[in-house]
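Participant: Heads up: the sequence lines are chains Z and P, in that order.
If you use this note's numbering, the first sequence corresponds to residues 12 to 314, in order.
If you use this note's numbering, the second sequence corresponds to residues 12 to 314, in order.
Hints in this document: simulated from the structure, not taken from any laboratory.
Worth double-checking, as some hints may not be accurate.
Because identical chains share one entry, a pair is satisfied inside a single copy or across any pair of copies.
With a straight-line cut-off of 27 Å between C-alpha atoms, the simulated DSSO-like cross-links for lysine-lysine are [to be verified]:
id, residue 1, residue 2
1, Lys121, Lys174
2, Lys293, Lys121
3, Lys293, Lys131
4, Lys131, Lys121
5, Lys293, Lys174
6, Lys174, Lys131
Residues per chain are reported as follows:
There are 2 protein chains.
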Amino acid sequence: MRPLLLSCLLLALAPAASAAEAARPYRSPQEILDASPAAHWRSPDPDNLLYMELGGGRVIIELAPAFAPAHVANIRTLAREGFWDGTSIYRVQDNFVAQFGDVDGEDPDKARPLGSALRKLPAEFQRDAAGLDFQPLPDPDGWAPQTGFAEGFHAGRDPAAGKAWMAHCYGVVGAARNAEDDSSIGAELYVIIGQSPRQLDRNITQVGRVLRGMELLSALPRGPEPMGFYDNPALRTPIRAIRMASQVAEAERTPLQVLRTDSQTFRDVVEARRNRVDGFYKRPAGHIDLCNISVPVRTPPLD
Amino acid sequence: MRPLLLSCLLLALAPAASAAEAARPYRSPQEILDASPAAHWRSPDPDNLLYMELGGGRVIIELAPAFAPAHVANIRTLAREGFWDGTSIYRVQDNFVAQFGDVDGEDPDKARPLGSALRKLPAEFQRDAAGLDFQPLPDPDGWAPQTGFAEGFHAGRDPAAGKAWMAHCYGVVGAARNAEDDSSIGAELYVIIGQSPRQLDRNITQVGRVLRGMELLSALPRGPEPMGFYDNPALRTPIRAIRMASQVAEAERTPLQVLRTDSQTFRDVVEARRNRVDGFYKRPAGHIDLCNISVPVRTPPLD
Numbered sequence: 012m013r014p015l016l017l018s019c020l021l022l023a024l025a026p027a028a029s030a031a032e033a034a035r036p037y038r039s040p041q042e043i044l045d046a047s048p049a050a051h052w053r054s055p056d057p058d059n060l061l062y063m064e065l066g067g068g069r070v071i072i073e074l075a076p077a078f079a080p081a082h083v084a085n086i087r088t089l090a091r092e093g094f095w096d097g098t099s100i101y102r103v104q105d106n107f108v109a110q111f112g113d114v115d116g117e118d119p120d121k122a123r124p125l126g127s128a129l130r131k132l133p134a135e136f137q138r139d140a141a142g143l144d145f146q147p148l149p150d151p152d153g154w155a156p157q158t159g160f161a162e163g164f165h166a167g168r169d170p171a172a173g174k175a176w177m178a179h180c181y182g183v184v185g186a187a188r189n190a191e192d193d194s195s196i197g198a199e200l201y202v203i204i205g206q207s208p209r210q211l212d213r214n215i216t217q218v219g220r221v222l223r224g225m226e227l228l229s230a231l232p233r234g235p236e237p238m239g240f241y242d243n244p245a246l247r248t249p250i251r252a253i254r255m256a257s258q259v260a261e262a263e264r265t266p267l268q269v270l271r272t273d274s275q276t277f278r279d280v281v282e283a284r285r286n287r288v289d290g291f292y293k294r295p296a297g298h299i300d301l302c303n304i305s306v307p308v309r310t311p312p313l314d
Numbered sequence: 012m013r014p015l016l017l018s019c020l021l022l023a024l025a026p027a028a029s030a031a032e033a034a035r036p037y038r039s040p041q042e043i044l045d046a047s048p049a050a051h052w053r054s055p056d057p058d059n060l061l062y063m064e065l066g067g068g069r070v071i072i073e074l075a076p077a078f079a080p081a082h083v084a085n086i087r088t089l090a091r092e093g094f095w096d097g098t099s100i101y102r103v104q105d106n107f108v109a110q111f112g113d114v115d116g117e118d119p120d121k122a123r124p125l126g127s128a129l130r131k132l133p134a135e136f137q138r139d140a141a142g143l144d145f146q147p148l149p150d151p152d153g154w155a156p157q158t159g160f161a162e163g164f165h166a167g168r169d170p171a172a173g174k175a176w177m178a179h180c181y182g183v184v185g186a187a188r189n190a191e192d193d194s195s196i197g198a199e200l201y202v203i204i205g206q207s208p209r210q211l212d213r214n215i216t217q218v219g220r221v222l223r224g225m226e227l228l229s230a231l232p233r234g235p236e237p238m239g240f241y242d243n244p245a246l247r248t249p250i251r252a253i254r255m256a257s258q259v260a261e262a263e264r265t266p267l268q269v270l271r272t273d274s275q276t277f278r279d280v281v282e283a284r285r286n287r288v289d290g291f292y293k294r295p296a297g298h299i300d301l302c303n304i305s306v307p308v309r310t311p312p313l314d
């Protein structure tokens, strides 16, 4: 045994702090997950899952058609037509993003054909809050009037403006653009690999979130050029293929389930993280930020 | 040219939003830094700098004796006596920490000798706010009554309790401990490599912050075992040596300067990041979180 950060290991001993919870012994997030009913988990639609195949393994991205329907439709087209096969991760900037796609995308002589994908899309920075089942978090957040989850994604909401949007948290996938709002088409994508750059919220179209394989992106060597680009092509990470899960034979799909953010299990996990009561934490925070919450993903149990 | 996140590249065109700033054209953080007077930069004391020598290069950590005097004193002793030479980075957990030191530290048969370092230290989770020049940020933060900077470090402060502490932001270095508050001695250290785990604030003694070389820690392969440990010793990253800069011949030191957090230049950079007014940002956030601010570090100019 060596000195650890024991936060994940210690069993809960003391009762929770709040009066409402006082009668119930504290359960760790893992204990809550272990006791969760099957109905609190969902299996993402294979038509919303992107499989990015790297030499080191598979990155699985869940797309968010509820937030960026035009971009998601274009991404589905690009994946189905093999647009990204043989492209690369060409930018990794420390504490910021890993970005991938066609590094020559803006060079008319060298750009890959976009096939039947659209060349122009509307900006989808936010959407109407109406019609969205938004599950707010208890704590205030200086970045947005409200934060919470919707459709399983980290989100912000402005009740006065009647708008909602995806939040730039760790693992979120956005559509890189140039200066114009509507200059993204979903061909060049980035994944957040550091402290959440929430100043980008409502400034870029976000299209989804990594469910599995973050360590294949976050541990890549940082690009030596400004903003993390690799001018030397040999340093880029090759992308063997990106496919919709629905294109992949069932036997080759990765079985996984995501905890429903509208479930009591999820609310309990968030609360157990807001106020950690165990042998390690001496001072429970009584607070959690949106981007400190990761939505649990699991391999479906066998029974 | 390929689609970029242009945030760092575009020149400022529009005037800043607030009335007080209306007369002055917006300047990007880089423009502000380029115009900064020499007096706004400081050269850290070589007796507060740790050089960690890895195969890939040097990681430079600034220690924080104002927050953790006993731990910093012990770390100086350990470095001067070569305690870490030949140890390893034995844990890298995605979106959390890279941890290093003596992996056998708790095995009495295999632990390295601690030399003249102390075997027991007080917990230094927080300190009296009195006597600390605390520079508060303008925005509220749900994690602490106040956040800001002190002695160049990201910090929280509770005026009612009269206490201040270092905040767990990207690059901050903490002293791993077991369940007991006072079970850390500074021999096992961790560096935050992901979303700021602010729930650890006031729960662990923090000892400093990485000034240079974060990419040598953040891009390491994640440990396959739970909590990011590498049980296979071959996967650990060897540490050639850790030395105080003051032990290293002047010719082999890394020249660097850190922007003073009590300078007008720093305040201007923070404000320029709170409200980005350039061709890329369509909606300035009007907000910044403590851990979204990195304190600029530079190689001293030649003139």
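Participant: Against the structure shown, which of the earlier numbered hints fail to hold, in ascending order?
Facilitator: 1, 2
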